[in-house]
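With chain A's structure known, arrange chain B on it following the hints.
Top line first, the protein sequences correspond to chains A and B. Add 1310 to a position in the first sequence, counting from 1, and you land on the number used in this note's numbering. Add 6 to a position in the second sequence, counting from 1, and you land on the number used in this note's numbering.
Simulated DEER-style distance windows between Cβ atoms:
hint, chain 1, residue 1, chain 2, residue 2, range
1, B, LYS11, A, SER1390, 20 to 26 Å
2, B, GLY70, A, ASN1387, 17 to 23 Å
3, A, LYS1368, B, SER8, 46 to 52 Å
4, B, VAL72, A, MET1383, 19 to 25 Å
5, A, TYR1430, B, GLY36, 37 to 43 Å
6, A, GLY1360, B, PRO46, 31 to 37 Å
Residues from chain A that face chain B, not an exhaustive set, calculated with beta carbons under 8 Å:
hint, residue
7, ILE1332
8, SER1339
9, GLY1341
10, ASN1387
11, VAL1388
12, ALA1389
13, GLU1400
14, LEU1401
Hints in this document: simulated from the structure, not taken from any laboratory. Since the structure is predicted, the reported quantities are computational estimates derived from the model, not experimental observations. Even glycine gets a Cβ: it sits at the ideal position worked out from N, Cα and C.
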Amino acid sequence: MAEKATIIVHSGDLDKMYSALIVANGALSMGMEVSLYFTFWGLLRLKKGGLSKGPLSKLNLFGLGRAMIRNRMHKANVASLERLMADFKELGGKVIACEMTMEIMGVKKSDLNEDLIDLYGAVGTYIQEARESAITLLI
Amino acid sequence: MSEIKVDVRGETCPIPLVEMRKALRKAAEGDFIEIIGTHPASLKEIPMAANALNVKIISEEQQGEVWTIKLQK
Chain A
1311 MAEKATIIVH SGDLDKMYSA LIVANGALSM GMEVSLYFTF WGLLRLKKGG
1361 LSKGPLSKLN LFGLGRAMIR NRMHKANVAS LERLMADFKE LGGKVIACEM
1411 TMEIMGVKKS DLNEDLIDLY GAVGTYIQEA RESAITLLI
Chain B
7 MSEIKVDVRG ETCPIPLVEM RKALRKAAEG DFIEIIGTHP ASLKEIPMAA
57 NALNVKIISE EQQGEVWTIK LQK
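This is chain B alone, in the form it adopts within the complex:
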């Protein structure tokens, strides 16, 4: 079970969603994907996409401007 890290800090729409999708395509089932970013809308939209893709959301955190979302395929 590996972990894929995606850093989209400073990136804006639609890049955080796109990079999350790319990481999910590369991931094997059971892999973790950790995405960190600063785009406010993506904090809501990435979990939305995860639900649409039937991907498990492990955690969502925010520290100041930076959010971290952890998913498991």
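So that you can see chain A by itself, here it is in the shape it has in the complex:
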């Protein structure tokens, strides 16, 4: 059986979303199975069209820092989060949405980009994946 990697995507910040998706795609490319468990602020990014909406985790400067980083990424030809997510799904990555977060934050399934989501789960779902994983991360 292939090795597994499980990542809790807790943050909704732009830079952290990039870290999560790049690491996830890297693991898939190296032959691992990967699950992304979206919770709290990360879950909000699964709202329709919301993937790239987060601020920078530091130096956001009311959006100025975010704009600068996006500009640099554009110059370096870094793929968009939407592209990285599409690649993640195409390579067989799993997206799990935290039901508890949905309840706390008043998010309905219809608010979310349901095409992306493979599973709705609670902490047991996460533990099930994580206990079998060689790599576990909280981003």
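Just chain B, lined up with the frame of chain A:
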């Protein structure tokens, strides 16, 4: 035995690895995959991934900024 060409020149992390993986999934056993790109780290990382996936590395070349890696599934 067919050859799949992957052009990731100008693409940066993680796209070269991702496109290589996509090509490998589409390939049949025995097919060749030729990847050309410019991302420096990928020249090391694609062979690393190939080894992790038990895929044969046929050749690795570099001409200036552009590298070419040939794999066989």
